[in-house]
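4 protein chains.
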Amino acid sequence: MKKMEVGILGATGMVGQRFVSLLENHPWFKLAWMAASDKSAGKSYAEACQWRLRSPMPDAVRTMLVNECKPPGAPQLVFASLDSKVATDVEKQFARAGHVVVSNSSSHRMEPDVPLLIPEVNPDHLALVRAQRRERAWQGMIVTNPNCTTVGLAMSLAPLEAAFGVEKVLMTSMQAVSGAGYPGLPTLDIFGNVIPYIAGEEEKVEAETKKLLGKLAGGRIQPAACAVSAHCNRVLVEDGHTESISVSLRRRATERELIEAWRAYHSVPQEKQLPTAPAHPLVVREEAARPQVKLDVSTERGMATVIGRLRPCAVLQFKYTALSHNTIRGAAGAALLNAELMKAEGYLD
Amino acid sequence: MKKMEVGILGATGMVGQRFVSLLENHPWFKLAWMAASDKSAGKSYAEACQWRLRSPMPDAVRTMLVNECKPPGAPQLVFASLDSKVATDVEKQFARAGHVVVSNSSSHRMEPDVPLLIPEVNPDHLALVRAQRRERAWQGMIVTNPNCTTVGLAMSLAPLEAAFGVEKVLMTSMQAVSGAGYPGLPTLDIFGNVIPYIAGEEEKVEAETKKLLGKLAGGRIQPAACAVSAHCNRVLVEDGHTESISVSLRRRATERELIEAWRAYHSVPQEKQLPTAPAHPLVVREEAARPQVKLDVSTERGMATVIGRLRPCAVLQFKYTALSHNTIRGAAGAALLNAELMKAEGYLD
Amino acid sequence: MKKMEVGILGATGMVGQRFVSLLENHPWFKLAWMAASDKSAGKSYAEACQWRLRSPMPDAVRTMLVNECKPPGAPQLVFASLDSKVATDVEKQFARAGHVVVSNSSSHRMEPDVPLLIPEVNPDHLALVRAQRRERAWQGMIVTNPNCTTVGLAMSLAPLEAAFGVEKVLMTSMQAVSGAGYPGLPTLDIFGNVIPYIAGEEEKVEAETKKLLGKLAGGRIQPAACAVSAHCNRVLVEDGHTESISVSLRRRATERELIEAWRAYHSVPQEKQLPTAPAHPLVVREEAARPQVKLDVSTERGMATVIGRLRPCAVLQFKYTALSHNTIRGAAGAALLNAELMKAEGYLD
Amino acid sequence: MKKMEVGILGATGMVGQRFVSLLENHPWFKLAWMAASDKSAGKSYAEACQWRLRSPMPDAVRTMLVNECKPPGAPQLVFASLDSKVATDVEKQFARAGHVVVSNSSSHRMEPDVPLLIPEVNPDHLALVRAQRRERAWQGMIVTNPNCTTVGLAMSLAPLEAAFGVEKVLMTSMQAVSGAGYPGLPTLDIFGNVIPYIAGEEEKVEAETKKLLGKLAGGRIQPAACAVSAHCNRVLVEDGHTESISVSLRRRATERELIEAWRAYHSVPQEKQLPTAPAHPLVVREEAARPQVKLDVSTERGMATVIGRLRPCAVLQFKYTALSHNTIRGAAGAALLNAELMKAEGYLD
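Residue numbers (the working numbering), protein chains in the order written: chain A, 1 to 349; chain B, 1 to 349; chain C, 1 to 349; chain D, 1 to 349.
Just so you know, not all the hints are guaranteed correct.
Claimed, not checked - Here are the computed distance ranges between Cβ atoms for each label pair:
1) B/H266 with A/E203: 31 to 41 Å
2) D/R311 with C/P183: 58 to 68 Å
3) C/P183 with B/P27: 23 to 33 Å
4) A/P183 with C/T88: 38 to 48 Å
5) D/R256 with C/G200: 16 to 26 Å
6) C/T88 with D/P183: 48 to 58 Å
7) B/E287 with D/R311: 41 to 51 Å
8) D/R256 with A/D59: 18 to 28 Å
9) B/L65 with A/P183: 49 to 59 Å
10) D/P183 with B/E111: 26 to 36 Å
11) B/E255 with A/G165: 30 to 40 Å
Derived from the structure by calculation, the hints contain no laboratory data.
Glycine is no exception: its CB is placed at the ideal position from the N, C-alpha and C atoms.
Start from the sequences, fold in the hints, and give me the full structure.
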């Protein structure tokens, strides 16, 4: 099979670097084009990018030219990890010019005709692009993945919603520094500290979770009827968002049933064996003090959500801890899996 | 006024060091005796103690003899910060021998005739020592302060309970490393990590909060009827427990009323101007990203609980963040304030 | 005595904040004016400044207006902690307009007619301002303090130079993050890392040390004849530069003689009891593992250099460790002590 | 080829865990036996070991029995990473009982008839075991690798010694926390700190470097005649020792010649393609701020020493920075490579 050429908008940022890293040796896609902000455009990737991943910059991209964020020359499929300030316009411009924009930005996630997608959770929402094409008269399209904090929550809730119905969920996050991009948090701000506020984050988590667990009907998403409340905190961790979650379900369930629902959970990405799909999207650890960022964040190459500490909650019904890798499962890996789903479902033909 | 001589059981540990530090220049108490584990006994304090506070070891204690944890020679009033494994027996032994044991250990906190005390919250519970004396036929007594994680929660709830009634509370903690004592957490365990489990901590927070907010009637504490659920996590912070709290109240209230209730809160320690009492036990910050450990943990010399981020909660009614200093307000400072209350109320005569 | 009004150029940065903090309650100086970059000018200090010190922003400065960095309206004495890029011109402009600029910037330190001053080390170099006035025909003047890494090295060498002559010195620094200002180092760069390079730092340390230990003769500084080599590294510490130093002396000396030379060292600031002067500019600790940032950085309110681990060196003659507080003794405290010396010596009349 | 069965003494510690990890899928050796302290003996490895590596514990070892540290039942070849306190006797006991002990402990490194070996640096020293067998009348033998801090220094010096002769070397280390084992450093000791002392470390580095660079003649090692001085510091890094090194050579050389000597360096392990050998034992980076722990510690799977920042030194001749992975190249990987060399050279037949 000839690989499909793909591009990256925002290739030099933290998520852009993850795209570059995940696309190295990808069986379906070949990185052929990249763009970044004006101050990077015209340079080679090695010059333009302050590489921050522990694995080295792939040799193949070192001399690749960084383009301006403009459609001419870009391949049909572009992954986008631009700042939301610029993403709104640039992504529309690319979609209008006929490109499929698989975006990690928050700009269009909550628009009624834009799929907000976790391939394991709501693969059918992808059909929303028909409304998008119809209403916007675009040749291309925009498909989004959720905020890095939403992902672990929504993935852990999806099997519960399916089996028992989720009524209420209260989540407190302890989020990694890489979620703020690069340069991101000054050391003097976060060292020895917890910052109990991330602008806009709680609102995103609350709204996105309901859209993700919602139902597609009549070409629109009916958000799930559950109550969702989020407390978002930043802690001194490099990669990996830990979430303390309490939940009430609509139907009675035992702890064992929840664990079984999580462990049995699999969906389209597993069935179609998408290249980036984790074999087990939800991994349950039953030891006393897991999941831990240090030990569990790279489970299934960072594509699984790891769950532990399930126990009764005196206020809601159950409580547990979930962990996911914020720049892989919560960003670049999420978008890549979205593109793989689109490819497998014929949206990229 | 001649100062009252006091002792410390467990003087070499992290909380013991805080006792030593807080008793330096105390206007009412004079540190005259100290004891620690057998491997320290017989040494000078400077030899026995691995001092870990940023302020230097007071010169006056360097040559002080570390005794065995046995009553003979100890002053009437002893502060205790022993491991709970040994505290159970040692504290009883001292109380039986006529000593007033003001303890930071969890061993006796939940016993029905032992006061679990925050002087601002439930000063009247101190009267429980009468039951203790009657039933145990001790000359001395044991009075306790809560777990370091309970303190900030209970202090923030007390004005709400008084003004509006607390129905449900869900708290997720991000706890400092010093709470685990010294040597405590290995660097290799917590560096770059969040540990989502602290043995026994959640149970303590849930039970102690209800006892603290309970009513003394007929010589017994009737625990508060609220539901309390805790998620306890360890993060890489030196001193200061941050708590994300959601709460439902029994009576309608506005955000402004909650803030006023917190700001107006004062109690016996403030009225009697106890030396260690904070002028403002609850400090509310209205900036977007406060309280922060780094900026706020030492508010009122570490004796205040700092509250911020009050906002509506989609699952319960309100959510907010509270911060308190775990080895001062949550341990040594708590016990010291308990002793000051006892002195002011005539329990030490 | 009426306090002298002073200003700060660069009041919102990390060193500027230290100036604000150290000037609160200063017995001789009163902060009456401040300036910062154009984006801060016109705001109140509370609005313009992202305060990062653990002690709270003094109330008196919260509403103070932040001015543009232009002389009109500024008091005679201004402390300067501007980026060296802008400092070169701005400082000259103020000196030309008649102001005494006591600067922490590197811009003019190595100019032949500008005093580079540590009051304990080379107070006589202050006389160099006469050459400055003569040659530049300025009403004002510029006086500088050394780089934060030079300070601990030069202070530890000064008594050795005086007593035995310093021939060669090789220093490896482990420098704190605050030395890079705010926002300074991204967390993603330094967390779990050592960065073995700080642009321009080694050259500054090597040149400044020789100027500081040099002799004033004929209105010029003859740099010390010693060889100085520096390795500069950044580590994950908030405040406090640790230096591993090896040294060869010109005259034979014993370890005990070095310790005595350090302990006996005192100079003009101690004799004149300047308000910011440490009682002991050099503190020697003889325990095995000192000085440590955590335990020793605040010795003498951050104004002492703490020395330990003196032992023979197999390549040079002796080796030892020195620690100093980089934003106090190495920056704002250094400049403040310079101004106090100038006041005491009649340079501000 | 049938794999050779091997054992581990001290399998539960940090270095023991690295042995377990590196032996998984090793082409020549098969882990068949393990032992640890008495409190672990009799348990399964999963029960006995607090696994701290980021890669998960290999499934094959989870149920493996942890034995007492006694020869019966152990395979011929055992890797040893015991505390030096117990290593002295246990290793001798195993050697006497006919086992080949490939040890990471410091106990026997400096004994005249024990090879202290870096396969790239002094492979010929292995012949020393003949003296060992002759003099001790053992069936087995003890072969050692150097201290984790010595490795990077000695590897960087070996090509310089060969090409130009090393006269003097002064090294300041910034060492990772994992070097102190597990539990190792309490968080409260090292967080926000630099500890300028590691007991015994400087003496080891100085003596071992001279033995490693020494010549085998007449069945004895003649230590190299260079002067070596070390400053050893602990910093908050997980894995990876950074070293600031100054050196004087006996023959004139240019910076370019040094870089070429490092880059061209290869030795027996590379020629014989030993499985654990790095293709490039010395990797030179010419960017301004490299090597960095975060970016470079895993170069060549942690088996290379990465060198950077070569520049003139005003006191000695050259200065540079070297980095190596302390628990791989500096411990378990070092011993494993030693065993591979022994196998390739016929010492294990």
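Status of each hint after checking the structure:
{"no.": "1", "hint": "B/H266 with A/E203: 31 to 41 Å", "result": "35 Å, holds"}
{"no.": "2", "hint": "D/R311 with C/P183: 58 to 68 Å", "result": "29 Å, violated"}
{"no.": "3", "hint": "C/P183 with B/P27: 23 to 33 Å", "result": "43 Å, violated"}
{"no.": "4", "hint": "A/P183 with C/T88: 38 to 48 Å", "result": "26 Å, violated"}
{"no.": "5", "hint": "D/R256 with C/G200: 16 to 26 Å", "result": "24 Å, holds"}
{"no.": "6", "hint": "C/T88 with D/P183: 48 to 58 Å", "result": "52 Å, holds"}
{"no.": "7", "hint": "B/E287 with D/R311: 41 to 51 Å", "result": "46 Å, holds"}
{"no.": "8", "hint": "D/R256 with A/D59: 18 to 28 Å", "result": "24 Å, holds"}
{"no.": "9", "hint": "B/L65 with A/P183: 49 to 59 Å", "result": "54 Å, holds"}
{"no.": "10", "hint": "D/P183 with B/E111: 26 to 36 Å", "result": "33 Å, holds"}
{"no.": "11", "hint": "B/E255 with A/G165: 30 to 40 Å", "result": "31 Å, holds"}
Taken one by one, the earlier hints fail for this structure at numbers 2, 3 and 4, listed in ascending order.
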